[in-house]
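Line order of the protein sequences matches chains A and B.
With this note's numbering, you'll find the first sequence wraps up at 414, consecutive numbering, no jumps.
With this note's numbering, you'll find the second sequence wraps up at 408, consecutive numbering, no jumps.
Simulated from the structure, these hints should not be mistaken for laboratory data.
Small disclaimer: the values here were computed from a predicted structure and weren't measured.
One or more hints might be untrue.
Unchecked claim - If the Cβ cut is set under 7 Å, some of the chain B residues that face chain A in the computed set are: (1) 25; (2) 28; (3) 31; (4) 60; (5) 63; (6) 75; (7) 89; (8) 116; (9) 117; (10) 119; (11) 120; (12) 124; (13) 126; (14) 269; (15) 354; (16) 358.
Stated by the list, open to error - Beyond 10 Å from chain B on every Cβ pair, some chain A residues (computed): (17) 70; (18) 71; (19) 120; (20) 200; (21) 223; (22) 255; (23) 260; (24) 291; (25) 348.
Where is the CB? At the ideal position from N, CA and C, for every residue including glycine.
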Amino acid sequence: MNLKKSLSFLTSAFLLVTAINVNAQSDTDAKKDTSRLELVNQDAIYNRPFIKMDKLRTAVGGYMEANTNYFAEDGVSEGFSMELRRFNIFLYSTIHERIKFLSELEFEHGTEEIALETALLDIEINSAFIFRAGILLPQIGLVNANHDSPKWDFVDRPLSSTTLIPSTLSEVGFGFHGKLYPSAVVVSYDAYVTNGLQASIVNNSEGRTFVPGGKNEEMFGEDNNGVPMFNAKVSVANRKVGEYGISYYGGAYNTFRVEGEVVDATRNVHIVAFDWTFKIKKIGIKGEYVMVKVDVPEELLDLYGTTQHGGFIEINQQVFDKKIMDFEHAKLLLNVRGEIIDYNVGDFSTPSNTLSTVDIDKGDNIASIMAGVSLRLTSDAVLKFNYRFQKTTDLFRNPAANLGGFQFGIATYF
Amino acid sequence: MLKLKAFILIGCSAGMILQGCTKLVPRAPDSGEVIAEPIEGLNNAQMAAHLVGDERFAHVYSPEEGLGPVFIQTSCEGCHVGDGKGHFSSVVERFGMWENGVFNYLDSLGGPQLQGKAVLNYLAESIPDAGTVVSRRVPPIITGLGFLSAVHDTTLLNLAAKQTAQGNGVSGRVNYVMPQSAFILESHHVDSSGYYIGRFGKKATKATVKEQIVFALKEDMGITSDFDMFDPFNIEVGYNTGDDVPDPELAGNQVNDLVFYLRTLKAPTRRMEDDENVMAGEELFKQVGCAECHISTLKTGYSEIEALSEKEFHPYTDLLIHYMPLLGDGYPEGSASGDEWRTAPLWGLGLAADSQGGIAYYLHDGRATTINQVVNLHLGGEADNAASSYKALTDAEKDQVIAFLNSL
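Please work from the sequences and hints to get the whole structure.
See below:
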């Protein structure tokens, strides 16, 4: 071992020895909140374990997730494969008692995609009014700002969260968030303006209206039309009844103006989501319902829908909580998730030349059911195994394609 | 000890689950119900090439890849769903005008085909006022094209001669067409003063699969290739506007991937061949004269793909054009008049509804939704005798013919 490596090893060892494992939220308003703050979706980005280095004001954390896939669609399978889905590194810094910085660097599929997913600054005026700016996660639906894999019991994220809401959607923007405490509930709110999604919501490589198609690296540099998008969420949480949120994200997505000249009509996207998280004894129930409205040019309506909707409901039943080997509180959960998505709500216009009258609903929808087990060895590390059966109907309502398969995954904070 | 047992149990369970994976995932439908499969007899390299083409066929093009600026569909698969017959919403419209006895395809006004969709920041095309003749076409089934393309021209010439000699009113003829830039002379082609026999398209206007693909890439999706470097445009915007992607948007070898894929798609498999009604219907189909044009069996000539070479197959077509006045739309192509149409291959007819949203839309423009409607539209031309004979059948006999057609 050469001198450089030796010094590096000693430095690392010293840092680890002096490290303290903390939750980022614990040093701020958690003290003021007498209700179960961990329920509040808004705090998810701070509700993570970090390693705090003594003497340093910056804490380090992260998570990784990896999984196997074995799927077949209508008898055709690519076979068995493995993927390192994500390796994310957090940096958290308390610059001042009232100023916090959080960033998240994501490596997806090894180094196939590397993205700065979060880099935000929170300046707290008081707990009801915190200014936020930087690369932030819009508060839309249940998952976008609470997407860390170790918190979830299935390998895949819900379809409504990834194909209607483009989770993970991170954007440059600013705004405010905070919490109010009227009576026995916590009311949290978020309101941001961001550069917003871009024109590829239609005319994309999916061949359908696809909100995630509007994500573009350029949106971190400048807005494509000079009109910011707006995002807001209000949630109500109570330890007995759970948390319920309503959120909105929307605005003009197309490039309707170039160098001050109008080159197209203004076209908007609107996403409204309802989400819920609650527990009945040891059964956790969560889900979301999402509605999408997109202004689409008249001539594209056959291919690109103006209305999409769908959602999921997930039930997590804890089977036991006991010591297994050295794990004091290992938990085994049985999990079920049902999902329905319709990507193109509406009818085809009846052709003028047919000899019979036909009125055809558009298809382009997915129904999926997943069942599985997850073993939470600690609160930060989880092993997951699940089966998915999914029926996909094409735009024309031809016989559905049946997909089924197994996934085994691991996810852990570090 | 207990832990060891638990680990063994978990290990065995995991092994059993993995072993059972293949049984717990959805099974493939019966081969007869699926047409998007390769022909039998491909070697490994040919299968690999087929799958490359398959992927390209399903690829959805975006404006960044050259889609448009005006277009009809965003992928080949979008029109030819599952390689089957297309949905009525994917209908294409060709337009033109008669001018002093000569048909003008109105290329300078955005012809010959309407692209009714446009990428954002561009205008969708509409048929210009001068486009007084309009022809509507539903995307055809595209399986078995390798077999059709390998039939020797002399086979088609002999069929035409035989029909004319019979003197029963059926007198199909070949459509001689000018070869286009993608045309490659093959051993089965017969030169006729620089013209060649067309066999693909509703009026048999393309002599090769490759020409048909290059035309569809451009006219359906606005994708340029080495063989046609000009995007479609909207005359209301201006010539050659709206697409900044360097041409060609698809290289020659990528076009060849598509050609190989389509040439190596299997012929649709017959189903319920042994059913009594189906067999009786087949006999009636021959008796009434449908089989005069919808010939059951053809044979390929030499093909460099061994699985296609010197093979008998059953397309139920003669690949000839016939006079069908009730289907006429006044739109000529090659030497085919507005009233002449190529005999449509009937293979895969029984699976049409599975790619058209549950309702079969028959004929070149999808106007008919029942076989009886189809037959009525065969009256008055070369198929008049056959159509009249069919109409004279009892309802039970008609049902048998329909059962036979649905078995194809």
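Against the structure shown, which of the earlier numbered hints fail to hold, in ascending order? Hints 3, 13, 14, 17, 18, 20, 22, 25 are the ones this structure does not satisfy, whereas the remaining hints hold.
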